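Undergrad: What follows is each chain in one-letter form.
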Amino acid sequence: QTVVTQEPSFSVSPGGTVTLTCGLNSGSVSTSHYPSWYQQTPGQAPRTLIYNTNIRSSGVPDRFSGSILGNKAALTITGAQADDESDYYCVLYLATGISMFGGGTKLTVL
Amino acid sequence: EVQLLESGGGLVPPGGSLRLSCAASGFSFSNSAMSWVRQAPGTGLEWVSTFGTRGGTYYADSVKGRFTISKDNSKNTLYLQMSSLRADDTAIYYCAKRGGEHYFDYWGLGTLVTVSS
Numbered sequence: 001q002t003v004v005t006q007e008p009s010f011s012v013s014p015g016g017t018v019t020l021t022c023g024l025n026s027g028s029v030s031t032s033h034y035p036s037w038y039q040q041t042p043g044q045a046p047r048t049l050i051y052n053t054n055i056r057s058s059g060v061p062d063r064f065s066g067s068i069l070g071n072k073a074a075l076t077i078t079g080a081q082a083d084d085e086s087d088y089y090c091v092l093y094l095a096t097g098i099s100m101f102g103g104g105t106k107l108t109v110l
Numbered sequence: 001e002v003q004l005l006e007s008g009g010g011l012v013p014p015g016g017s018l019r020l021s022c023a024a025s026g027f028s029f030s031n032s033a034m035s036w037v038r039q040a041p042g043t044g045l046e047w048v049s050t051f052g053t054r055g056g057t058y059y060a061d062s063v064k065g066r067f068t069i070s071k072d073n074s075k076n077t078l079y080l081q082m083s084s085l086r087a088d089d090t091a092i093y094y095c096a097k098r099g100g101e102h103y104f105d106y107w108g109l110g111t112l113v114t115v116s117s
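Chains as they are written, first to last, in the numbering used here: chain W, 1 to 110; chain C, 1 to 117.
Since the hints were derived computationally from the structure, they do not count as laboratory data.
Predicted model only: the values in this text are computed from it and were never measured.
Ideal placement from N, C-alpha and C gives every residue a C-beta, glycine not left out.
Treat the hints loosely; a few may be bogus.
[Stated by the list, open to error] So, partial list: chain C residues that the calculated Cβ filter (under 10 Å) puts toward chain W:
1. Phe51
2. Ile92
3. Ala96
4. Trp107
5. Leu109
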């Protein structure tokens, strides 16, 4: 059974840099999985941050960036701000029409 | 401006059925792939189903055989027919527009489905 893995939680200081990762239990993540990233605050709908590995969605600040690091997709937040405190989800495209979410990372800024 | 408005959620007993709707505006609905994504209370997001640009339909294993996605381009509306509902189908159901085939670019606000006796 395919599982998309994310760190359950992470903490960063205001102004600091944090990298969240997104892996596959069955192998490596590549650009062929078209990794995308979403931000969700409690009680709100998700917001699209990054798609196709490293393309920022419209209106997303450039402190958010996406990449492939080793065998995982990565979301880096540079200069973290208090309102970046959210849940972050990655999605991998596994086959035609089939997407899978990771379990999400709860990011704390303190 | 892209808008997605879900409706049809509510309380339904185990084994029951429900149809969700998603009214879309602000983009070319007929040329867009669309998806349903759900979130059970206190848990993460789960992809449920996609209606592809060429009419293909795709389902998560957890709902295959019980849920049916459909799209009415004349009404700019996406549907999710849910049957044989179980307690673990309780969730907020989000409608999402797909950017191409590979990601979600716009989201609705969601509609809550509660399966309980």
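Undergrad: All hints are to be evaluated individually against the structure, with a verdict given for each.
TA: The hints, checked one at a time:
A least Cβ separation of about 9 Å between C:Phe51 and chain W falls short of the 10 Å threshold, and the interface hint therefore holds. Against a cut-off of 10 Å between C-beta atoms, the interface hint on C:Ile92 holds, since the closest Cβ of chain W lies about 9 Å away. Hint on C:Ala96 holds. Least Cβ distance to chain W is approximately 8 Å, under the 10 Å limit. Of the supplied interface hints, the one on C:Trp107 holds, with its beta-carbon coming within about 4 Å of a beta-carbon of chain W, less than 10 Å.
Of the supplied interface hints, the one on C:Leu109 holds, with its beta-carbon coming within about 5 Å of a beta-carbon of chain W, less than 10 Å.
Taken one by one, the earlier hints all hold for this structure without exception.
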